[in-house]
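K.L.:
Construct all of the structure, not just a fragment, from the sequences and the given hints.
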Amino acid sequence: MQKLFTPLLIVVAAMFAYAPIMILNAPYESTMGLVQKIFYFHASLGMAMFLAAFASGIGSGVFLFTRRSWADHLAVAGAELTSIIGFLVLVTGPLWARKAWGVWWQWDARLTSTLVMWMIFNAYLLLRRYGGPGSERLAAAVALFGMANVPFVYWSVNVWRTLHPKTSVIPSLVPGMRGPFWFCVLAFVLLTTLLIAMRTELEKRRQQLDELYLAAEE
Amino acid sequence: MRFIRDVWTVTRKDLLIETRTREIVLTTMFFALACVMVFAFGFVREGRPVQDAAAGILWIAIAFSGTLALGRAFERERQGETLRALLISPIDRPALYLGKLLGILILLAAVELLVVPMVALMFQAPLFDYPLLMLGLIAAGTLGFAAVGTLFAAMLVRARSRDVMLPVLLYPITIPVIIAGVRGTAALLQPEADQPMARMWLSMLVFFDVVFVTISLWTFEPVMTD
Amino acid sequence: MPVDFTALRLTDVSRTFGRRRALNRVSLTAQAGTITALLGHNGAGKSTLLSIAATLISPTSGTVRYGDLDAERGGAALRARIGMLGHDLYLYGELTAAENLRFFARVYNLDAVERRVDVALERAGLSARRDDIVSGFSRGMRQRLALERALIHEPRLLLLDEPFTGLDEAAREALRVRLRSAREAGAIAILTTHDTAAIEHLTDAAVTLVDGRLAA
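Chains as they are written, first to last, in my numbering: chain U, 1 to 218; chain L, 219 to 444; chain A, 445 to 660.
The set of hints was computed from the structure by calculation and includes no laboratory data.
For glycine and all other residues, C-beta sits at the position ideal for the given N, C-alpha and C.
Just so you know, not all the hints are guaranteed correct.
[Stated by the list, open to error] Stretch-level coverage of chain A by chain L, calculated; a stretch enters the list once three of its residues show a Cβ under 8 angstroms from a Cβ in chain L:
| id | region |
| --- | --- |
| 1 | 497 to 508 |
| 2 | 518 to 529 |
| 3 | 536 to 544 |
| 4 | 549 to 563 |
[Said to hold, decoys possible] Derived contacts from chain U toward chain A, CB cut-off under 7 angstroms, selection only:
| id | residue |
| --- | --- |
| 5 | Pro133 |
| 6 | Asp210 |
| 7 | Tyr213 |
| 8 | Leu214 |
P.N.:
Have a look at this one:
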């Protein structure tokens with residue numbers, strides 16, 4: 001598994017090096033002009049965030065019910081990446097929104113549920129850090145609840161108000177835009193998967209270190 | 219049958235302690251009132267409460283005082299380590315969870331009996347025009363909040379920083395409850411009350427309750443065992 | 445279905461908390477009708493061992509057997525045969541002595557609740573104080589009540605964590621008498637203490653833990 005890390009990192013780096021070129025060559029969006037181009041990164045980051053959150057949720061579920069350590073490692077790796085990528089999503093979003101629609105923030109379904117999910121995974125990390133011994137299980141429960149929660153947040157805010165472009169904007173993308181878009185998505189998904197895998201590996205090493213300490217005490 | 223009896227044994231013990239000391243219910247009631255007052259001052263413009271403030275303030279007061287009550291209720295089980303004694307006992311873990319949940323619900327119902335009329339009074343909000351819907355919203359919302367809260371408070375009993383961790387964990391997860399509660403209540407408080415809207419929010423709350431009580435029952439055992 | 449067993453068997457039980465090994469391959473067997481002392485300094489792992497025997501914590505490795513059963517297969521029926529007296533006594537300070545006993549009698553699904561409560565109060569010497577709130581009791585009184593609470597369901601396995609702490613000599617003797625009668629009734633009693641004098645002429649076996657390990 002680890003042997004793949006370096007070559008894949010190189011591939012991802014190359015993709016990110018090429019991405020700006022694709023983005024620059026993509027057609028301008030009719031109403032928003034240049035500003036719209038942040039969408040390629042923003043939407044991809046959004047997908048990457050959900051991927052990381054999903055990974056963490058699955059890891060948490062498996063860990064709670066089977067106590068397998070790899071599941072816990074996956075859970076914490078996913079949570080950390082959700083937090084980081086989420087931060088980027090929540091920064092790029094308002095930057096775009098300010099220029100495109102004149103407001104920094106809106107309480108619509110997509111934004112709100114992203115914010116809530118980000119907060120839940122931050123809470124997860126806080127709990128693991130400051131909750132004392134045994135907080136891995138507790139945090140796993142939080143992640144599970146968080147996952148179950150997101151559809152509810154989305155639905156309730158959706159009924160309440162909507163300003164965000166609907167998901168259906170993707171099929172309606174001008175052909176010239178689809179290429180760069182899916183390229184960026186692939187780049188981010190690959191990067192995220194790689195980072196989760198590396199972080200999981202790191203966590204596994206940390207546990208092995210603990211076990212070595214214990215063995216050395218014998 | 220044994221299950222239901224166990225649930226009631228736990229609840230009855232909590233109610234017995236509470237009726238004797240009245241500690242949690244009284245302090246929570248006053249806290250809820252203080253909450254309402256503080257928010258009222260925050261949202262008053264030209265001597266009159268801002269419209270729609272009543273619904274929001276009501277639910278915030280419920281959320282804040284609910285968190286307080288949950289923390290205090292499980293603090294009680296921490297002294298004397300009685301939660302451990304219950305975990306060693308033959309009581310089914312889900313029965314223990316439901317017993318504590320029922321106790322918290324009864325406690326919060328008592329608090330709400332005071333807070334809801336207070337809000338109606340202070341904000342001239344016609345909260346009693348549609349009593350059944352209003353009752354449904356408050357009951358379903360409180361249940362959703364308490365269901366998640368009971369699990370989190372129980373699992374935090376032996377954790378460090380538990381006082382601050384409970385709200386940090388609980389509030390993001392119960393945001394749908396707050397949204398539905400506030401929007402549903404606001405729909406009923408409008409000059410021409412929007413009953414279908416309120417009913418829709420009520421059904422969302424009920425759905426939330428079903429999902430989260432189920433998840434809580436399911437995860438209580440693995441979370442509480444070491 | 446009621447469960448019973450005549451021996452508690454811990455085999456190579458280890459328990460780690462992150463980087464800390466609380467117990468290191470501890471083996472212990474205790475038969476019905478015996479009192480075993482678990483000695484050692486603070487932090488030696490005594491409380492952890494007791495918690496494992498009580499099914500509160502599962503061992504990281506090794507097995508714990510109650511007769512033929514383990515904690516998982518035994519389930520609730522097994523827990524009904526275990527009684528524990530923790531360091532924090534497991535009593536509700538806001539309730540009366542009788543109410544505490546009554547609650548736990550119900551928790552353990554016992555019949556003739558009132559009679560058992562009366563008997564337990566008498567054994568604890570607290571019949572006169574049955575309707576007094578426990579938070580007003582002295583340490584010794586609470587200890588006696590907590591012991592009777594732990595014994596009210598006549599457990600096969602009785603686990604006591606530092607039961608002699610904070611007691612005067614009279615209370616200690618009363619505790620010893622009570623433990624002897626429990627032994628006569630066939631209980632497996634395991635108590636932890638770091639006070640060897642208190643358990644003189646009481647225990648049938650003694651095991652010492654040093655840093656989570658059995659001392660030879």
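K.L.:
Against each hint, give a clear statement of whether it holds in the structure.
P.N.:
Quick rundown of the hints versus the structure:
Evaluation of the coverage hint for the region 497 to 508 of chain A: fulfilled, as 5 residues show C-beta separations to chain L shorter than 8 angstroms, against a requirement of three. Given as covered by chain L, the region 518 to 529 of chain A passes the check, having 6 residues with a CB less than 8 angstroms from a CB of that chain where 3 are the minimum. Restraint check on the region 536 to 544 of chain A versus chain L: 5 residues with Cβ-Cβ distances below 8 angstroms, three needed, restraint holds. Counting residues of the region 549 to 563 of chain A whose C-beta sits closer than 8 angstroms to any C-beta of chain L gives 4, which meets the bar of three, so the coverage hint holds.
Annotation: Pro133 of chain U was flagged as interfacial toward chain A, and the flag holds, the nearest CB pair being 6 angstroms apart, inside 7 angstroms. For Asp210 of chain U, the shortest C-beta to C-beta distance to chain A is roughly 5 angstroms, which falls under 7 angstroms, so the interface hint holds. Hint status for Tyr213 of chain U relative to chain A: holds, with the closest Cβ pair at about 5 angstroms, below 7 angstroms. Checking Leu214 of chain U against chain A by beta carbon gives a least distance of about 5 angstroms; that is within 7 angstroms, so the hint holds.
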